[in-house]
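Heads up: take any position in the sequence shown, counting from 1, add 62, and you land on this note's numbering.
Keep in mind that the hints were calculated from the coordinates and are not lab data. This structure is a prediction, so every number in the text was calculated from the model and none was measured. Do not take every clue at face value.
[Claimed, not checked] With a straight-line Cα cutoff of 35 Å, these simulated DSBU-like cross-link-like pairs (lysine-lysine) come out:
| no. | residue 1 | residue 2 |
| --- | --- | --- |
| 1 | Lys-202 | Lys-189 |
| 2 | Lys-202 | Lys-188 |
| 3 | Lys-142 | Lys-100 |
| 4 | Lys-87 | Lys-100 |
| 5 | Lys-94 | Lys-202 |
| 6 | Lys-171 | Lys-161 |
| 7 | Lys-189 | Lys-199 |
| 8 | Lys-161 | Lys-100 |
| 9 | Lys-171 | Lys-100 |
| 10 | Lys-188 | Lys-142 |
| 11 | Lys-81 | Lys-71 |
| 12 | Lys-192 | Lys-171 |
| 13 | Lys-188 | Lys-171 |
| 14 | Lys-142 | Lys-161 |
| 15 | Lys-171 | Lys-199 |
| 16 | Lys-199 | Lys-89 |
[What the hints assert, rightly or not] Simulated DEER-style distance windows between Cβ atoms:
| no. | residue 1 | residue 2 | range |
| --- | --- | --- | --- |
| 17 | Leu-82 | Leu-110 | 56 to 64 Å |
| 18 | Gln-168 | Ser-105 | 51 to 59 Å |
| 19 | Gln-168 | Cys-127 | 50 to 58 Å |
| 20 | Thr-113 | Lys-161 | 15 to 23 Å |
| 21 | Ile-181 | Lys-161 | 29 to 37 Å |
| 22 | Leu-110 | Ala-78 | 21 to 29 Å |
| 23 | Glu-151 | Glu-122 | 21 to 29 Å |
| 24 | Glu-172 | Leu-200 | 36 to 44 Å |
| 25 | Ile-77 | Gln-201 | 47 to 55 Å |
| 26 | Gln-115 | Gly-173 | 33 to 41 Å |
| 27 | Arg-109 | Arg-149 | 54 to 62 Å |
| 28 | Arg-103 | Ser-130 | 22 to 30 Å |
| 29 | Glu-151 | Lys-192 | 47 to 55 Å |
| 30 | Glu-154 | Arg-133 | 30 to 38 Å |
In this text, a Cβ means the ideal position worked out from N, Cα and C, and glycines have one as well.
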Amino acid sequence: MGHHSERTKLEQLQIAQAKLEHENKQKQQELKQTITEKFTRTSEQARLLQTLQDQVACLEREMTCDISLLRDRIDESNRKYFEARQRHERAEQEFVASKLDLFNCQQLKEGLEEHLFTIIQLNETKKSEKLQELHDKLQKLSFK
Numbered sequence: 063m064g065h066h067s068e069r070t071k072l073e074q075l076q077i078a079q080a081k082l083e084h085e086n087k088q089k090q091q092e093l094k095q096t097i098t099e100k101f102t103r104t105s106e107q108a109r110l111l112q113t114l115q116d117q118v119a120c121l122e123r124e125m126t127c128d129i130s131l132l133r134d135r136i137d138e139s140n141r142k143y144f145e146a147r148q149r150h151e152r153a154e155q156e157f158v159a160s161k162l163d164l165f166n167c168q169q170l171k172e173g174l175e176e177h178l179f180t181i182i183q184l185n186e187t188k189k190s191e192k193l194q195e196l197h198d199k200l201q202k203l204s205f206k
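Use the sequences and the hints to build the structure in full.
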């Protein structure tokens, strides 16, 4: 009978060991799965951050290009305005024609300057809204 009870204890220990091994394998698999999920989430977040960074850079490039083009046009209009003004001072006989040209160039210059300031304001407003949107998206990200 003592031999039978030892076998039962041995069988119980083997069953307990097998159960513990099974539980450990399950825990290890769950841990691997959690690590994989977190790595995937981190990679997705890194890709999203890169996308956000690229969008901000794109906004900057677009605004810089728009402003540069307008400044070039303003420089050109300033040059034309100066030439028209000199011609007006030199040529009294073409006073009427040069006066009209001077007025038109001045209107163009002022219109372009107003347009520049409007574009800058609109671009800054868009940039602010986009930055806020990107900031809000960033705040929603969880870096767990």
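Status of the hints after comparison with the structure:
{"no.": "1", "hint": "Lys-202 - Lys-189", "in the structure": "holds, 20 Å"}
{"no.": "2", "hint": "Lys-202 - Lys-188", "in the structure": "holds, 21 Å"}
{"no.": "3", "hint": "Lys-142 - Lys-100", "in the structure": "violated, 63 Å"}
{"no.": "4", "hint": "Lys-87 - Lys-100", "in the structure": "holds, 20 Å"}
{"no.": "5", "hint": "Lys-94 - Lys-202", "in the structure": "holds, 26 Å"}
{"no.": "6", "hint": "Lys-171 - Lys-161", "in the structure": "holds, 15 Å"}
{"no.": "7", "hint": "Lys-189 - Lys-199", "in the structure": "holds, 15 Å"}
{"no.": "8", "hint": "Lys-161 - Lys-100", "in the structure": "violated, 73 Å"}
{"no.": "9", "hint": "Lys-171 - Lys-100", "in the structure": "violated, 58 Å"}
{"no.": "10", "hint": "Lys-188 - Lys-142", "in the structure": "holds, 32 Å"}
{"no.": "11", "hint": "Lys-81 - Lys-71", "in the structure": "holds, 15 Å"}
{"no.": "12", "hint": "Lys-192 - Lys-171", "in the structure": "holds, 31 Å"}
{"no.": "13", "hint": "Lys-188 - Lys-171", "in the structure": "holds, 25 Å"}
{"no.": "14", "hint": "Lys-142 - Lys-161", "in the structure": "holds, 13 Å"}
{"no.": "15", "hint": "Lys-171 - Lys-199", "in the structure": "violated, 41 Å"}
{"no.": "16", "hint": "Lys-199 - Lys-89", "in the structure": "holds, 34 Å"}
{"no.": "17", "hint": "Leu-82 - Leu-110: 56 to 64 Å", "in the structure": "violated, 42 Å"}
{"no.": "18", "hint": "Gln-168 - Ser-105: 51 to 59 Å", "in the structure": "holds, 58 Å"}
{"no.": "19", "hint": "Gln-168 - Cys-127: 50 to 58 Å", "in the structure": "violated, 27 Å"}
{"no.": "20", "hint": "Thr-113 - Lys-161: 15 to 23 Å", "in the structure": "violated, 56 Å"}
{"no.": "21", "hint": "Ile-181 - Lys-161: 29 to 37 Å", "in the structure": "holds, 30 Å"}
{"no.": "22", "hint": "Leu-110 - Ala-78: 21 to 29 Å", "in the structure": "violated, 47 Å"}
{"no.": "23", "hint": "Glu-151 - Glu-122: 21 to 29 Å", "in the structure": "violated, 43 Å"}
{"no.": "24", "hint": "Glu-172 - Leu-200: 36 to 44 Å", "in the structure": "holds, 41 Å"}
{"no.": "25", "hint": "Ile-77 - Gln-201: 47 to 55 Å", "in the structure": "holds, 52 Å"}
{"no.": "26", "hint": "Gln-115 - Gly-173: 33 to 41 Å", "in the structure": "holds, 36 Å"}
{"no.": "27", "hint": "Arg-109 - Arg-149: 54 to 62 Å", "in the structure": "holds, 60 Å"}
{"no.": "28", "hint": "Arg-103 - Ser-130: 22 to 30 Å", "in the structure": "violated, 40 Å"}
{"no.": "29", "hint": "Glu-151 - Lys-192: 47 to 55 Å", "in the structure": "holds, 49 Å"}
{"no.": "30", "hint": "Glu-154 - Arg-133: 30 to 38 Å", "in the structure": "holds, 34 Å"}
Going through the hint list in order, the structure does not satisfy hints 3, 8, 9, 15, 17, 19, 20, 22, 23, 28.
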